[in-house]
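Undergrad: As a plain string of letters, each chain reads:
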Amino acid sequence: EAQVTQNPRYLITVTGKKLTVTCSQNMNHEYMSWYRQDPGLGLRQIYYSMNVEVTDKGDVPEGYKVSRKEKRNFPLILESPSPNQTSLYFCASSHRGGAETQYFGPGTRLLVL
Amino acid sequence: GDSVTQMEGPVTLSEEAFLTINCTYTATGYPSLFWYVQYPGEGLQLLLKATKADDKGSNKGFEATYRKETTSFHLEKGSVQVSDSAVYFCALSGIAGRRALTFGSGTRLQVQP
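Protein sequence lines, in the order shown, are assigned to chains R and G.
So the first sequence is residues 198 to 310, counted in the numbering used here.
So the second sequence is residues 200 to 312, counted in the numbering used here.
Calculated directly from the structure, the hints in this document are not laboratory data.
Heads up, the beta-carbon is just placed ideally off N, CA and C, and yes, glycines get one too.
It is possible that part of the hints are untrue.
Only pairs whose alpha carbons sit at most 25 Å apart, straight line, appear in this in silico SDA-like list of lysine to any residue [stated by the list, open to error]:
no. : chain 1 : residue 1 : chain 2 : residue 2
1   : R       : K268      : G       : E241
2   : G       : K259      : R       : K268
3   : R       : K254      : G       : K259
4   : R       : K254      : G       : R298
5   : R       : K262      : G       : G242
6   : G       : K259      : R       : K262
Reference excerpt, derived from the structure (chain G facing chain R, CB under 7 Å, subset only) [unchecked claim]:
no. : residue
7   : L245
8   : A249
9   : A252
If you want the ones that stay clear, here's a sample from chain G, every Cβ over 10 Å from chain R, calculated [to be verified]:
no. : residue
10  : S231
11  : Q244
12  : S257
13  : F261
14  : S271
15  : K276
16  : L300
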């Protein structure tokens, strides 16, 4: 089954404690990205990757890091989480982004205390 | 920059009622336009899309027409069902650059039996 998986689905942490949210896709997609969803703001792109070892900033990259060492995986790293990073996070993938259908993971709900 | 404006929700309808969710956009060039749907507890999934002016996207009884003259992409369905209860996001994708989706803030639809 074609899918995007994220782990964990729910996470409660404290300010400053480094965490990683994993994302994996099994569709051999080149393009992957991370979005955060906040009430009244829709989804905003954090980082994206057009291929292995090629990553770049989206609209709201501050406080986040990513890496793309393998085509299927695109982890999101919060090195020192703060309460304003409390949000719902989605990973998405597609062949080349843009006008193509993007496939979204189930989401990770993060609470930073 | 690009932006998408959706009508505020929630929208509450009775089963079999007619649905319209308004969406207008601002973008350079000729973006592709999308409606994504998010069911409770799930990630987003593509509902329909249109890639050029006057195109009509349709799926599961939903329709939307790409109107360049009014920069709109309103979502319609002739007869909603309880199972259509979800959050609906209008989005656009530019033709160049980071190939991200720009989302509206989302409209929650509640359909009552």
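Undergrad: Against each hint, give a clear statement of whether it holds in the structure.
TA: Results for each hint:
Of the pairs offered as hints, the one joining K268 (chain R) and E241 (chain G) holds, with about 24 Å between alpha carbons and a cut-off of 25 Å not exceeded. Only pairs whose Cα atoms come within 25 Å are accepted, and K259 (chain G) paired with K268 (chain R) is rejected, the gap being roughly 33 Å. Between K254 (chain R) and K259 (chain G) the CA atoms are separated by roughly 35 Å; this puts the pair beyond 25 Å, and the hint is violated. Among the hinted pairs, K254 (chain R) with R298 (chain G) is consistent with the structure: their alpha-carbon atoms are about 12 Å apart, no more than 25 Å.
With a C-alpha separation of about 22 Å, the suggested pairing of K262 (chain R) with G242 (chain G) holds against the 25 Å cut-off. Among the hinted pairs, K259 (chain G) with K262 (chain R) is inconsistent with the structure: their alpha-carbon atoms are about 38 Å apart, more than 25 Å. Residue-level restraint check for L245 (chain G) holds (minimum Cβ-Cβ distance to chain R is 5 Å; threshold 7 Å). Among the interface hints, the one on A249 (chain G) is violated; its C-beta lies about 10 Å from the nearest C-beta in chain R, farther than the 7 Å criterion.
With a least beta-carbon distance of about 14 Å to chain R, the hint placing A252 (chain G) at the interface is violated under the 7 Å criterion. In this structure S231 (chain G) is not separated from chain R by more than 10 Å, as the shortest Cβ-Cβ distance comes to only about 4 Å. Its closest Cβ contact with chain R, about 7 Å, brings Q244 (chain G) to no more than 10 Å, contrary to its assignment away from the interface. For S257 (chain G), the shortest C-beta to C-beta distance to chain R comes to about 15 Å, beyond the 10 Å cut-off, and the non-interface label holds.
Its beta-carbon lying about 15 Å from the closest one in chain R, F261 (chain G) satisfies the requirement of being farther than 10 Å from that chain. No beta-carbon of chain R comes within 10 Å of the beta-carbon of S271 (chain G); the shortest separation is about 17 Å. Under the 10 Å C-beta cut-off, the non-interface status given to K276 (chain G) relative to chain R holds; the minimum distance is some 20 Å. Consistency note on L300 (chain G): stated as away from chain R, yet its beta-carbon is not over 10 Å from all of that chain's, at 6 Å minimum.
Taken one by one, the earlier hints fail for this structure at numbers 2, 3, 6, 8, 9, 10, 11 and 16, listed in ascending order.
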